[in-house]
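Go ahead and model the full structure; you've got the sequences and the hints to work with.
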Amino acid sequence: MTECGMLIIGAGETGARAAGELRDRGWTGNITLVGEEALAPYERPPLSKRALLEAGDPEPAFIQGRERLEALNIRFMKERRAIAIERDEHAVRLEDGTLLRYERLLLATGARPRRLPSERLASDGAGVLYLRSFADALTLRGRLRPGRRIAIVGGGFIGLEVAASARELGCEVAVIEAGPRILMRGVPEALAAVVDARHRAAGVSFKLGAGIGGMTREGGGFRVRLTDGEVLTCDAVVAGIGAMPATELAADAGLALDNGICTDERLATSDPDIFAAGDCCSFPHPLYDGKRLRLEAWRNAQDQGAHVAGSMLGAGEAYGSVPWFWSDQYDLTLQVAGLPDAGTTTVRRSLGEKGSLFFHLAGDGRLVAASGIGHPAVAKEIRLAEMLIERRAVPDPLALSNPELSLRSLLKNETRETPRL
Amino acid sequence: MANEQWIAACEAEEIEEEDVIRFDHGDRTFALYRSADDQYYATDGYCTHERFHLADGLVIGRQIECPKHNGRFDYATGEAKRAPVCVALRTYPVKNDAGTIWIKID
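The listed protein sequences derive, respectively, from chains X and V.
Final position of the first sequence in my numbering is 421; the numbers increase by one with none missing.
Final position of the second sequence in my numbering is 106; the numbers increase by one with none missing.
Quick caveat, the hints were computed from the structure, so don't treat them as lab data.
There's no promise every hint is true.
Derived coverage of chain V by chain X (criterion: at least 3 residues anywhere in the stretch with Cβ under 8 Å from a Cβ of chain X; other residues may be distant) [what the hints assert, rightly or not]: (1) 3-13; (2) 67-73.
Label pairs and their calculated CB-CB ranges [claimed, not checked]: (3) V/ASN96 to X/GLY352: 22 to 30 Å; (4) X/GLU168 to V/ALA12: 33 to 41 Å; (5) V/ASN96 to X/ASN402: 46 to 54 Å; (6) V/GLU17 to X/ASN402: 54 to 62 Å; (7) V/GLY99 to X/GLY147: 53 to 61 Å.
Glycine is no exception: its CB is placed at the ideal position from the N, C-alpha and C atoms.
Listed below in structure tokens is the structure:
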């Protein structure tokens, strides 16, 4: 039995950040980071963009390279898969039989791409591409040659970012989306419309309201039959149809689940010595009446990784960062802070040629989300809006719609008029 | 250094208080800052983590926050202040001469 001290299963963004933060917070005991991949922890956002587009051999963007892990005295076990948590023994069993004993355990197991149902696929789906790992990005990169016909299943962020990259590389791109519009999940319709128009202007074709009816191999490619009867022939199929939280370890160990591994506000699971964070974690959010959320976003992965390190060391604070994500497609930046679905009214502010902002207000007038699209400079405005959301601001809708009134001044008023503890 | 020179970058009033603008010169890009107490500063324009323009980010006190990953730098010293950034940002001398902001580059 190996004594691991703080044991982290999953060496993605969350696991790597948690490991670093444990050291930063002064934990001098063992820290063990177990990952299934061969690479040291790396950042995933570039996989749909830079890793596909960059000339030459792409390199992963390491969060902590080997040297950094060694300097922090973090034991990194690569290409190892955890298969069971032995809660009575405070240990995790690996596939090779190794038993790792923990004082505290963090499940940062992430999520896996949802697969296309196999009965709809030619020869058990062989050849359909997914994007989650650096290895996936390298495979996909090899298929995105000029003139190739690429069918992308799913009009979410992965699908659309891959579509933009594929167009930039000179591929012919069709996006197949089962919903009535793209970006159905968490993105207001007005923003989705801008993204849709930008893709069409770039030459992407959309098949909306259509599912995959069947798929057969044809030559080196595929013949894809849509549920509306249309048939597409293409050289490669990429599916970006969401991700499923990796909860098997937690489930087998009898931990509470609810669309992910259930935690309290500190990110502790139903076992007080086991924690969960990142894409796999379902947690109650204090800004939204304790509503349970599971976020698949880079910032959440990073912030929860840092937060859970504190909780593992006994801190009692609740995790309450405003949900936030971005997507870059072509020259467009899209950012969303908060939960637009929690709003009942939307107020628009035009930024002229720089784009548009949308403020989402709840029934009681509270700002619950803000979204923006356009020039990368929308980021600055969304960041200010995020601070307003964090302060539970109830801004004047007229002020929000007026581009002459800076959000910074609204924030200053907010801080002055409604001091919060 | 031999090639050091002062370049007129912008008018002082072009930068709002507690804000930042982008300044391109030749094939280089810089970020110019104005603090709440009306001091001016200059740094390299791209974040040291990934190639994103810091001028699209938010000035928070004495720090600039990257618009993509929320890494932060002290814009006066260039010091990296928050993950994921760990490499310091290069800073440049700045002077305000009768309302024109000059930056000394090489």
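Results for each hint:
no., hint, result
1, 3-13, "violated (count 0)"
2, 67-73, "holds (count 4)"
3, V/ASN96 to X/GLY352: 22 to 30 Å, "29 Å, holds"
4, X/GLU168 to V/ALA12: 33 to 41 Å, "39 Å, holds"
5, V/ASN96 to X/ASN402: 46 to 54 Å, "31 Å, violated"
6, V/GLU17 to X/ASN402: 54 to 62 Å, "19 Å, violated"
7, V/GLY99 to X/GLY147: 53 to 61 Å, "55 Å, holds"
Going through the hint list in order, the structure does not satisfy hints 1, 5 and 6.
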